[in-house]
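From first to last, the protein sequence lines stand for chains A and B.
Under this note's numbering, the residue at position 267 of the first sequence is numbered 267, and the numbers go up by one with no gaps.
Under this note's numbering, the residue at position 12 of the second sequence is numbered 12, and the numbers go up by one with no gaps.
Since the hints were made in silico from the structure, they are not lab data.
Check each hint, because a few of them may be wrong.
Where chains are identical, the list cannot tell them apart; a pair therefore holds if satisfied intra-copy or between any two copies.
To be verified - Below 25 Å or equal to it, Euclidean Cα-Cα: the simulated SDA-like pairs (lysine to any residue) are: (1) K275 with P79; (2) K183 with V224; (3) K107 with D59; (4) K279 with R37; (5) K183 with D68; (6) K298 with L124; (7) K183 with L276; (8) K183 with E84; (9) K298 with L165; (10) K107 with I87; (11) K183 with Y162; (12) K107 with L95; (13) K107 with F85; (14) K332 with P318; (15) K107 with A328; (16) K275 with F50; (17) K199 with R331.
Computed from a predicted structure; not experimentally measured.
There are 2 protein chains.
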Amino acid sequence: MRIVITGGAGFLGSHLCDALVQAGHSVICMDNLLTGRMENISHLLGHEEFIFLRYNVCDYLHVDGPLDAIMHFASPASPQDYLEFPIATLKVGALGTHKVLGLARAKGARFLLASTSEVYGDPLVNPQPEAYWGNVNPISPRGVYDEAKRFAEAMTMAYHRYHGLDTRIVRIFNTFGPRMRAKDGRVVSNFIVQALQGKPLSVFGEGQQTRSFCYVDDLVRGIVGLLMVDSDKTIEERTDKKFLYTRANDQIVASVHDPVNIGNPRELTVIEIAKLIVKLTGSSSDISYHPLPTDDPKVRRPDISRAHALLKWEPQVPLEDALSRTIAYFRKTLSQ
Amino acid sequence: MRIVITGGAGFLGSHLCDALVQAGHSVICMDNLLTGRMENISHLLGHEEFIFLRYNVCDYLHVDGPLDAIMHFASPASPQDYLEFPIATLKVGALGTHKVLGLARAKGARFLLASTSEVYGDPLVNPQPEAYWGNVNPISPRGVYDEAKRFAEAMTMAYHRYHGLDTRIVRIFNTFGPRMRAKDGRVVSNFIVQALQGKPLSVFGEGQQTRSFCYVDDLVRGIVGLLMVDSDKTIEERTDKKFLYTRANDQIVASVHDPVNIGNPRELTVIEIAKLIVKLTGSSSDISYHPLPTDDPKVRRPDISRAHALLKWEPQVPLEDALSRTIAYFRKTLSQ
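So that you can see chain A by itself, here it is in the shape it has in the complex:
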C-alpha cells in the first residue's frame, strides 16, 4: 500500500513510519517539524519506499500518484506544546483535517484520524467506553487540543456519512516509549529524565490522579490493525438513512468506522508511576509536589472491549519491560 502519514516525524508518527516500511508498504511522511524532529526519521531517509515532505497540512497539500491510505497524526500533542501553540493546534485539527480529508477523498484513499482520550476531558465515568460523550471545558486553555480533536472527529464522521469516505478514528490514550522528547512535559518522560539526572520527580497535585500508560509498540500494532482491517457496515447501514431519527436507545453494534480506544487499561496513580521509575532507574530522586494544572483529568483509563472485538487487540508488553526500554533510550539520549 502507498500511505501518507502526516505528523510522520513526531513520536507516534515516526514509529508508524517504521512499522509500515518494515511491513513492505510505501510511506510518504509529512511534517512541518513544529514539534516533530528529523532525528526520529533520519534512519529512514534514503530508503526507497520512504519519502519525507516538509509540509504544513493546514496550507497547500499535494501528493503525486495514487494513495491507498492517509493517517492524520499531525498535531502538537503534549499539554506543554498545545499551550504554547494554541492556534496552530486548533488549525491543524480543523483546517488540517479538512485538507487531509479532501486529499483522501480525491485519491479514494482510506483515512485514519489520530484522535485522543482527551475527547473524554475530565471523565465522569471510568473506564471510558467509546460511547461516553466526555466532559470537556471548551474555553479552557487546555480546551484547544480537546476541542480540535472533537471537531476533527465530527468532520471525519461527516465525510464518512456524507461522502462515503472509508474512515477510521483511533482514540489514543497515554503512550510512552523511545523518541518522546525529554522536555515535552509528559509524565513518563519527565519522570525518567528527572530520575536519570538525580532531580526530584515533579508530581502535580497529590499524585492520586490515575493514568494508563501504553507502550508505543503495542499502540502502533493496534493502530496498524485498525487501518488494515476490512470495512464493515457503515454507520449509514446501521441507522436510518436520515440519521435524524435514530433512536438514542437502539442497540448499535460497533463498526470499524466508529472511534476505537487504543490504550493500556492497567491504571496506576501518578505516584505509583513515579516510584516504579525511581526503582527501575536505580535513582535516589525524591518527589516534589506542584499545583495541579487547570482541568487536569483525575482519571483516565480506556475500555478496550471494542478494540478487542474488532481487532482482537490488547496490549502485550509488560509495563516494567516497556519502562526499561524507554529508560535505556533516555539514558543514551541524555549521554549524547
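Assemble chain B onto chain A, guided by the hints.
Same frame as chain A, but now just chain B:
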C-alpha cells in the same frame, strides 16, 4: 461604528442589521445565501449606511477601510439545515471563524461570536450556567453544529488570550420571531405554520422535553448590549499568566470576554408551546406524535445571571405578545 455582520441575511443577522442601522451605525452585511435570504434585508438595500456583500466567509475575505467590530453569525442554525449541510456547518464554524478572527485582528476590530446553547448538548444540569461544560456527542449527526460552535469558542478564546483580541461570545438559546423560515424545522415556526394551515402540530417524542423561547427583539437587545459594553479585565489578568496553573476551584469573576447566555429562562414543555399556539392562532389543529430525533436535548434553559450582572439584561416581551407578533408575520407570509 463600522460593523461587519457575517450571516447578515439570516434570521438573527438581519434583525441585527436593522437594529444597528437604526442606531446610526454603518453596517456591512455578508452572506453566501446558503440559508440566508435577500428578502430579510431587501428593505435595507440602498440605505447609505448599509452594504451587502455576497461572500462565503470560509473563502477569501476582504473589507476595505477601517472596522470597529465584526459579528460572526454565519452558520446553518436549524437542525434541518445543518443535517443537510454538515460539512458547510463544520467549515463555517472552523475555517470561517478562523478567517473572520484574522480579519478582526488585522483591523483591530472587536469580535463577537454567535455561539449557541447547543454547546451544552443534552445538559445534565438545568438551568445551564456558562460554567457548565456540556454533554455533547462529538460523532452524532447533530454533533456537527455543536462541535463546530464549541471549536469556534475555543478558537475565539485562543485569539483573545494569545493575540489580545477584544472578543465576546454570546450563547444564544432558542429564539423566535418574524423572518424565521416557514420550513426550517424549528419548533415555533413549525407549530405556527401547521396551526395556520389547520394541520396537526408535529411533536417529537412525548413533547415533555422543555425549551425556553426568547423573542428576537429581546435577544437582539442583549447581543447589541454585549457588543457595546466596555472591555473589562481580560482572562489573562484574572488568572495566572501561564493559564496552565489556574486552580479549578479559584473563584473567577465573569468578564465580558467570557461566554454569556442570552435567552429566556421561562421554560415550557413542547406540548405547552403547542397548545398555546393552537389557542393564539384560533386553530382547530390536533397534535401528532413522531419518534424523537437522535440526541435531542431533553431540557434547555438559560441561567441568565451573568447577562444580568454584566449587561443588566433580561427579556421584556411577554411570551404571548411575542407569539402573536410572530403569528401575524406568518399569517402575512403564508397568504402571499
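Against the structure, the hints:
With identical chains, the CA atoms of K275 and P79 are at most 25 Å apart within one copy only, with a shortest distance of 23 Å there and 52 Å across copies. When the C-alpha separation of K183 and V224 is checked against a cutoff of 25 Å, the pair qualifies neither within a copy, at 28 Å, nor between copies, at 46 Å. Taking identical chains as interchangeable, the C-alpha atoms of K107 and D59 lie at most 25 Å apart whether they share a chain (18 Å) or sit on different chains (23 Å). Taking identical chains as interchangeable, the C-alpha atoms of K279 and R37 are never at most 25 Å apart, the minima being 30 Å within one chain and 69 Å between chains.
In this homomeric assembly, K183 and D68 never come within 25 Å of each other (Cα to Cα): the closest approach is 35 Å inside a single copy and 42 Å across copies. Proximity of K298 to L124 under the C-alpha cut-off of 25 Å is found in both arrangements, the shortest distances being 9 Å within a copy and 20 Å between copies. Within a single copy, K183 and L276 get their C-alpha atoms as close as 20 Å, which meets the 25 Å cut-off; across copies the closest is 63 Å, which misses it. Within a single copy, K183 and E84 get their C-alpha atoms as close as 13 Å, which meets the 25 Å cut-off; across copies the closest is 46 Å, which misses it.
Taking the shortest alpha-carbon separations for K298 and L165, neither the intra-copy value of 36 Å nor the inter-copy value of 32 Å comes in at or below 25 Å. In this assembly of identical chains, K107 and I87 lie within 25 Å of each other by CA distance solely across copies; the values are 19 Å between and 29 Å within a copy. In this assembly of identical chains, K183 and Y162 lie within 25 Å of each other by CA distance solely across copies; the values are 22 Å between and 41 Å within a copy. Both within a single protomer and between protomers do K107 and L95 lie at most 25 Å apart by alpha-carbon distance, with minima of 19 Å and 23 Å respectively.
Taking the shortest Cα distances, K107 and F85 sit within 25 Å of each other only across copies (23 Å), while inside one copy they are farther apart (31 Å). For the homomeric pair K332 and P318, the shortest alpha-carbon distance inside one copy (22 Å) is at most 25 Å, but the shortest distance between copies (73 Å) is not. In this assembly of identical chains, K107 and A328 lie within 25 Å of each other by CA distance neither inside one copy nor across copies; the values are 41 Å within and 53 Å between. Taking the closest pair of Cα atoms, K275 and F50 never come within 25 Å of each other, the shortest separation being 40 Å inside a single copy and 67 Å across copies.
Within a single copy, K199 and R331 get their C-alpha atoms as close as 14 Å, which meets the 25 Å cut-off; across copies the closest is 76 Å, which misses it.
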